Amino acid sequence: MSKEDISRLYVNQIKNSQNNERKNISFGMGLKLSKEFVENNNGEMWIEGEPGKCTTVLFTLNKLDNIS
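In the numbering used here, the protein residues as written are 705 to 772.
Each hint should be verified, as a subset may be incorrect.
Stated by the list, open to error - Cross-link-like lysine-lysine pairs, in silico, BS3-like; alpha carbons within 25 Å at most:
hint	residue 1	residue 2
1	K736	K757
2	K707	K767
3	K739	K757
4	K739	K707
5	K767	K739
6	K736	K767
7	K736	K707
Source of the hints: derived by calculation from the structure; they are not laboratory data. Keep in mind that this is a model prediction, so the values were computed, not measured.
Please take these sequences and the hints and turn them into a complete structure.
Rendered as structure tokens:
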């Protein structure tokens with residue numbers, strides 16, 4: 705996936721879901737919800753890829769020191 709495609713990914717999927725379009729809605733909503741969850745927990749989520757190669761979704765979360 706090209707960098708341009710990656711940068712448009714969230715926007716296109718959100719538009720699709722808002723317009724009630726059925727194609728890719730589950731992918732777009734899952735990606736949006738995942739990003740929201742990660743960011744609400746002080747993490748980061750990003751996408752890396754190159755045309756003709758795999759595209760990877762990565763994220764980080766802070767480690768909890770004490771879990772009660």
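These are the hints, each one checked on the structure:
1. K736 - K757: holds (23 Å)
2. K707 - K767: Cα-Cα ~30 Å, so violated.
3. K739 - K757: holds (23 Å)
4. K739 - K707: holds (18 Å)
5. K767 - K739: holds (18 Å)
6. K736 - K767: holds (22 Å)
7. K736 - K707: holds (18 Å)
When each numbered hint is compared with the structure, a violation occurs for hint 2 only.
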